[in-house]
Structures are given as structure tokens and as C-alpha cells.
Amino acid sequence: MRRQAGSYLVAAVSKLLATLACGALFVMAVLTFIDVIGRYGFNNSIFGASELVELLMVAVVFAGFAFVTATDQHICVTFFDHLLTERAPALMRWSRFLFSLVVYALLLYILWDMALDALANARTTIVLALPIWLFPGIAAALSSLGFILFLLSYPLREDDPHG
Amino acid sequence: ARETILFNCFFPPQHYVCKDFLPELGERIETATEGRVKLRVPPKSLAAPPDQYDGVVNGVMDGAVQFNGFLRSQVPGVQFSMLPFLGHADSEMTSVALWETYQEHLAEKDEYGETVLLALFALNGGDIFSVTDTPITSIADLAERKIWSVPGVTANVIAETGSSVVSGPAVQMLELVSKGVVDGHVGVPQSEVTQYKLTDYTKSATIFDEKIFQATFSFFVSKQKWDAISETDRDAIRAALGSDFVRWMGAEQDRIFEAAHAEMVEAGVEFVDGSPAFLAELKALGEPRVAEWVAQMDGMGIDGQAVIDDFEARYQANVGQ
Amino acid sequence: MAEALLGFAAVLLLSFIGLPLAFVTLVVGLVGFAWLRGWNWSGALAMTGQQVMEAAASYGLSVIPLFILMGIFIHRSNISEDLFNAAYAAVGRRRGGLAQASVLACAGFSAVSGSSLATAATMTKVAMPHMRRYRYDDRLSSGVVAAGGTLGIMIPPSVPLVVYGLVAEQDIGKLFIAGTLPGLLLVLLFMGAVWLTVWRNPQLGPAGKPLSAAERNLALIRVWPILLLFIVVLGGIYLGVFTPTEAAGIGATGAGLFALWRGGIRTFGALAEMLLEAVKTTAILFAVIFGTLVFANFINLSGLPYDLLDLVEMLELGPLGLVLAICVICVLLGMVFETIGLLLLIVPVFLPTLYGLGVDMIWFGIVMVVVIELGLITPPIGMNVFTVKSVMPDIALSRIFRGVLPFVAADLVALALILLFPVIATGLVAFM
Ligand code: NA
Ligand code: NA
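So the protein sequences, as listed, match chains A, B and C. For the first sequence, position 127 matches number 127 in my numbering, and the numbering has no gaps at all. If you want my numbering, it's the position in the second sequence, counting the first as 1, plus 1000. If you want my numbering, it's the position in the third sequence, counting the first as 1, plus 2000.
Bound conformation, chain A alone (with noise of 0.2 angstroms):
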């Protein structure tokens, strides 16, 4: 039943954070295009497209980061990584997701922190004024919702992570 709801949880947050990384390539790629046009075919450029863009990158890297985390599996690279996991499968399998864990929590801090800084003094970024802020908050919000499918999905997962 707990199960059954955390998969719920999962499949809801996974298909929003796909959604929005989806949407933010699409538009990074139809602007760049619409720039470009709107420079040569009616010398107006889009004032301020690339910033745009590395606004988009944000929500493209971030929300797809926290979608692969819950859904992708690790692909084995070292012959060691092949014997340790054959011999001792469940503790590869949790030392990997607690190592996972620490690092994408101290990511978590690091990204809330650079947020609350910039919010604290105000800047803004020089070409549309947009608020520093954004960056690492869009990038600290989407994780957190990784980390949390992290948490969830990891465990749900019965299949050797190495597929």
C-alpha cells in the first residue's frame, strides 16, 4: 500500500520535472531559431535571447538531472565495479545509494544557499535585469524535488541497478 503510493508520488513528480525540461528545450531551441531569423529576415534581434537561454539551460539541466536520478540506472565502467557487484550485490547497491545521497544533499545546501544569497542582495543579471536569484533557485528547487524521487525510488527499485 506505502509502496503503491510512493510510486504514485514518483510517476507524478517524474512526469512534471520531464515536462518542464521538455518544454524549456523546445522553447531554447525555437528561440535561438526565431532569433537568428528575426536578425537576417527583419534586422530585430530578440533583446536579451541569451540570457534566455542560460535561464532555460538551468531548467533543462536541473530538471533532467532530477528525472535521470530517479530513472536511470548506473552503467558499470570498471572490471572492479563488475566483481564487487557480483560478489556482494546488496551492499554495492546501498553503498552506491548513500554515497548518492550525501552528495546530491550537499548539492541541495549548496544550491539553497547560493539562492537565499543572491535573493539577500538583489542583483541582477546586466542585459534583462533578471534576478540573479533565479538561477539557483530554479536549480535548487527542481532538485529538491529530485532528491526527494531520489529518496523515494531508489529503494522501490528490486532490479540490480546494473540491469
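Keep in mind that the hints are not guaranteed to be accurate.
As the list claims (entries may be wrong) - Each computed DMTMM-like pair below joins lysine to aspartate or glutamate, with the alpha-carbon atoms no more than 20 angstroms apart: (1) B:K1197 <-> C:D2360; (2) B:K1019 <-> B:E1030; (3) B:K1197 <-> C:E2169.
To be verified - Computed spacing ranges between beta-carbons, pair by pair: (4) A:T19 <-> C:S2390: 23 to 33 angstroms; (5) C:G2038 <-> B:A1140: 42 to 52 angstroms; (6) A:L116 <-> B:A1317: 55 to 65 angstroms; (7) B:T1232 <-> C:P2380: 56 to 66 angstroms; (8) A:A105 <-> C:L2420: 46 to 56 angstroms; (9) B:A1306 <-> C:E2169: 57 to 67 angstroms; (10) B:A1001 <-> A:Y109: 51 to 61 angstroms; (11) A:A120 <-> B:F1271: 42 to 52 angstroms; (12) B:E1144 <-> A:Y109: 25 to 35 angstroms; (13) A:S7 <-> C:G2269: 29 to 39 angstroms; (14) C:L2012 <-> B:A1001: 35 to 45 angstroms; (15) B:K1223 <-> A:I148: 51 to 61 angstroms.
Note that these hints are calculated values from the structure, not bench results. The C-beta atom is built at its ideal place from N, Cα and C for all residues, glycine as well.
Please arrange chains B and C with the ligands on chain A, whose structure you already have, making use of the hints.
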């Protein structure tokens, strides 16, 4: 106590600020403190250009040099040096005037917060460059072109002429100008034009005595590091740097500028004197920005106009010497 | 120096026991940075945050998701099959012709995809069934697609060249142009390797059936959009009509429209699926980039780059000796790190030395890509070989590794030629 200041250089490692200016700064500090305080510059920048101040405050490094445009919110006072048409052709006299003016009027405001200001530095003032065969000699010329502009106030002024403005980091300018995406560029000094190898693409320069933009930089170290240095050594460093190091950097910069100017003349770049009418119109567009800054200073209890006037007076006095 | 070596040792150890490399480098970099700053955690955390956000919110790096998306759109427009057919039409009836055609088709796909794994995966799916039908030896057929896939990162667009441009502060447009001739050189050498293989043992790769003139023309006509897209994207960069980021945006949107027209995108869901694939690849790549940037900053702070400069000057290696030494180090580290991580680690470490000796950084970037290509098809981590294996599970890994041997030799010849004649890489750039 012995201390090593980890001083970051955001420029590429082979840039003269990393290769000459910072080693000179280190030598002066080391000599003044009889070897007790040393400067260390990492092989490659530890933080992106906009992150220098935050990096020093948070302890990524102990000291850094930063473009003052990135300090708009933390250090509003120093921004007068980059207001439209307050700039000058030379670096030495301007840098010294800037340092003295800042010490006189603004230093006590403790704007640099968790850091201590060691030096200020101005590049040579920037000009208006045409990439097409026709020089830019009027507002109308600007209005019909695509222009790359240094970011900030200058970009706003150029945009108000009706020109289609592309603005961003100077690295981007290299890409846009060299590939003919824009028809002109505004605000960088001739030394940067050659530095970025844009000489061949630049056909003419429109020169005013009063510069539309002059980039200025701050050199600072964290209070934490500063306090770790003994009082004797701090005094020795202050005495050794002062306006003297600022003057040294400016003189170096002027030599680089002269060479760059000669290179541009050699390459056949046409130098056009801008007409007083063109200047007056541009200045009118820039005037609100100056007023904005003066009003901002009012809020801080500083007579902004007096700062501007003093800056100009000191500059003229320096030139007169 | 000692601190840096300790850091490298820690990364090797932790990744050997199977912890994710991206996280390992990030943690070792962060802890190492704090250590070198006298256990200043605030500084290390701030540095990590700055590096992460700087890379994520980067206008320059936006070419990565855009070029990845372009490759996915192209893949979904069912043009890979056309590419193979067109290549088959050109060279198929010769001995080993299907393998030759696979090389050409890989080159064609590389012209619109920035990834060698995507190229290898796509072309394995397309070319392997054909080669099986003609009873090609598995060694030759799997070897040729694994090696052909590496063209994806030399022929522009190329994700590793973008990353190299980021760390070496080089113009991405110039790097792309520089990759063109070496890419063509590799195509010729790979085709030569196929020719030699079947010349020695004709049974490995029999000739295909000739196509009728009509079939041939149809196949050639159907690949024009790839050519057009490549010309627009690369020509635009070459002539300076737009920046690499804009070129990527145009390439992605153009490929999307093309996929729509070809019936590759029939539903909104299909589009979303393609976008998601690009997002996932991008995210994994950026995780690696984050970790390595943090680790690289620790190495930077350790002063290792300066120590290396002193060492190289003392040994009087000279530019070519230095670059050769770096190649050897890359091959060794390539046993642990995959491509992007390797680039991000090696380049910053040697940057001051390379500048100091006046090495042409565009040329060096191309040399690095050839070395990476070698790493992709040699054990123990031959990512391209793994990719082919994952598409064709019935072929033993060792057989594929043996099959790529002639192409490893071809790569080595290319490396030697580019080292001896830098003009292969820098020639076209001079005309930009
Ligand atoms: Na490619
Ligand atoms: Na390998």
C-alpha cells in the same frame, strides 16, 4: 605572521593582468613586508568573471580583481567612473584620479563590505568603431546599424539611439564582430580591439575626447585575510601600494594602448574626430544615467555631483603636471 | 604536486569500487579544495556552487542539448536507413562494400550528430542486419560500426569539441571547422582498413548486389536534407553568419521540421519522447561536467599545472614531445575515465604548459579527439564497443574488440599524420 594571499586572476592566464600586474603587486607586497606576506596566483581562474567578489567573501580565494560593472549592487559608489562621457583617453591619469577621488569621498563608506580595497584601475576609454566602410559620425548612423556594445549603461545609451544592440561579455564580441554579425562596436578601448584580434575587421574609429565608456576594476582582499596580516605589515602594504601602484598599472596600460593604436594605424584603420553635435546628442542620451547615479548617492548621503566634479578636476590637475 | 596526486588516487579508488564518477570527482574536488584552503569549507562549498551554476547557466554550453536534439530528430526521421542505402549505392558492390558503406553512412550521420555513441548505436541498428544478410564476419561488421561511430565526435558537430572549447577557452566554430578534414581523413583510413581486411581474407566481407540506376538515384536523392543541414550549420559557422549556439538552434529546429515532414513525429507524445531523450543525455553529461570542473579547480589550486610546466621545461620535451606525453597519459587515464571527464581533467592540468610552449590549441583539440576516439574502441572501457554489444548482445565483447583492431591501426595512422602535419587540422581554420 607569515601569510600567503591566494589572489585570483579571472583573465586568461597569458593576459598581462595575470602575467605582469599581479606579479608586480606580489613583489611590492613582498618587498614591503620583507617577505612575510606573499601573493600566489593560481594557474587558471578559480571563478567566473562575475563571481570574483562572492568568491573572495566566501573564501574561494583571498583576493581578486573584478570589473566594476559586476559590482553595481555591492559597490555603487565606484560606478561613477564608468558613467557615459566621464571617461578619458588615458589610463594612468584616470586611474590615479579615480583612486584619489574614491579615497577622498567614498572610502569611509566601507562599500567593499567583507573585503578591503587595495587598488583601482581604469583601462583606456572606449571609442565607437565601424566594421563597415562608412565611419559612424551621427546618431542616424548608429540608429540604422546592428551594434555590439559593452554591457550596462553604455548599451542602454546606444539602444536609445534606435540602434539594434547586442550586448554581452567581450568574448562574445570577438565572435560577433569577427563574423560580421554586427556593423559596429562601441565602448572597448583600442587596446582591447587589438587584444581580441579585431583590428582587421575594424575599418574606422570615431574619437571623442570625452569617452562614452571607460572600464574600471577593483583589486581587493578579504577582511579575514587582511586581519590575519600583522598591523605593521598592513601599514607597510598600504604605504607601498597607495596611488603609486595604481599609477604604475596605468602607465603600463598606456604603453599597451600606444602599441595597439600604432598597430591599428598601421592596419589602415581610419581615425575620425567626432563632431561636437554628435557628442552633444550622445551626451544628452547619457545624461539621465548620470543623474540616476547622483540621485543614488544622495540616498547614501554623498554629494554625487561633487564626486564627479572632483574626479574631473583631479584628472585635469594630473594631466597638467 | 603530492596533494594533486593524492586527489587522483582517491578518484581512481572510489570509482574503481563502483561509485558514480560524476559524484566522486565532485566530492574529492570539494574536499581537496577545502583542504588546500586550510579546511575552509565555506570556500570549497562556494567554489562548487559557482562552478556548477556557471556550467549549467552557460550560453556557450547550450549547443550541447541543441546538437544532441538535432541528432535525435535526424535519427527519428528514418534517414539513417537512407544514409546506408545511399552509401551502399556508392560503394556496395565492391568487395567489403557493405562495410565500406557503413563507414560512409557513419560519416553522414556524424555530420548531424555530435555524439559517437549515438552514431554507433544508430548505425549498428541499420547496418548490422544488412551485413548479416550477406554473411559478413561478425568481427568485421561489429568492428566497423564501433569504429565508424567514433567519427561522430570528429566530423562536426561534436560534443567533446564543445567541452574542449569551454576548458581551453577556444572558439567552438574554429574547432568544428578544424575537425572537418581530419574527419574526412579518418573516413578514408577506415575505408582503407576495410579494404585491407577483405583483401587479406575475402570471405570476411563479400560484395553486395549492385543496385539498379533508379534505386541508386532514389537513395542518393533521399539523403539531401542531411547534406543541406550540414552545409547550413557548418557553412553558417564558417562564413560567420551565426554563432555555434545559433547554428545548433537552427540545426535542431531544422531537423525537427524535417522529422515532422518525414513522418518521424506523428504525435505530441513522440515529440516529447525525443525531447526527453535529449534532456536525459544532456543531464548525464552535465553531471560529469560539474564533477570534473570542481575536481579540476582543486587540481588548479594544488599548483600541479605549474609543477608540470617546470617539469616539461626541465626535461626539454618540446611541444611535440609534450603532446605525445599527454597522449600517453590520456590512454592510461582512459582506462578509468570516459571521454568528457578525461578532457575536463587533462586539458586544465596542461593548459599553462601548452601555452608556455606555444602549442596551437585548435590543433591540440583535434589531437585530443583522435586520442579519445582510440579510447572509445580499446579495452578496458571501449564505450563504442559496449554500445555495439548492447545493440547486438549475441556477439562476444572480445570479438568486437578484435574486430576493431584494423581501425585502431587506422586511428594511430591518423594520429601520426595529424601530429606530423598540423595543417590537416589548422588548414581550413586559417581561411575563416
Ligand atoms: Na559529429
Ligand atoms: Na578505452
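Next on the checklist: I want to verify a distance hint. Is the separation of the beta carbons of L2012 (chain C) and A1001 (chain B) within 35 to 45 angstroms?
Outcome noted: holds (37 angstroms)
Checklist entry - If you check the beta carbons of A105 (chain A) and L2420 (chain C), does the distance land in 46 to 56 angstroms? => result Taking Cβ atoms as reference, A105 (chain A) and L2420 (chain C) lie about 51 angstroms apart, which means the hint holds.
Item to check | 20 angstroms Cα cutoff - pair K1019 (chain B), E1030 (chain B) | outcome: Roughly 17 angstroms separates the two Cα atoms, so the pair holds.
Checklist entry - In this structure, is the beta-carbon distance linking E1144 (chain B) and Y109 (chain A) contained in 25 to 35 angstroms? => result violated (52 angstroms)
Checklist entry - Straight-line Cα separation of K1197 (chain B) and D2360 (chain C) no greater than 20 angstroms? => result holds (16 angstroms)
Checklist entry - Within 55 to 65 angstroms or not, the Cβ separation of L116 (chain A) and A1317 (chain B)? => result For L116 (chain A) and A1317 (chain B) the Cβ distance comes to about 46 angstroms; the hint is violated.
Checklist entry - Taking the beta carbons of K1223 (chain B) and I148 (chain A), is their distance inside 51 to 61 angstroms? => result violated (39 angstroms)
Checklist entry - Quick one: are S7 (chain A) and G2269 (chain C) within 29 to 39 angstroms, going by C-beta? => result Hint violated: Cβ distance 21 angstroms, outside 29 to 39 angstroms.
Checklist entry - Can the suggested window of 51 to 61 angstroms be confirmed for the beta-carbon pair A1001 (chain B) and Y109 (chain A)? => result violated (33 angstroms)
Checklist entry - Falls inside 42 to 52 angstroms, the C-beta gap from G2038 (chain C) to A1140 (chain B)? => result violated (60 angstroms)
Checklist entry - Holds or violated: 57 to 67 angstroms for the Cβ distance of A1306 (chain B) and E2169 (chain C)? => result This hint is violated: roughly 43 angstroms between Cβ atoms.
Checklist entry - Is 23 to 33 angstroms right for how far apart the beta carbons of T19 (chain A) and S2390 (chain C) are? => result holds (28 angstroms)
Of the numbered hints given earlier, the model fails hints 5, 6, 9, 10, 12, 13, 15; all others are met.
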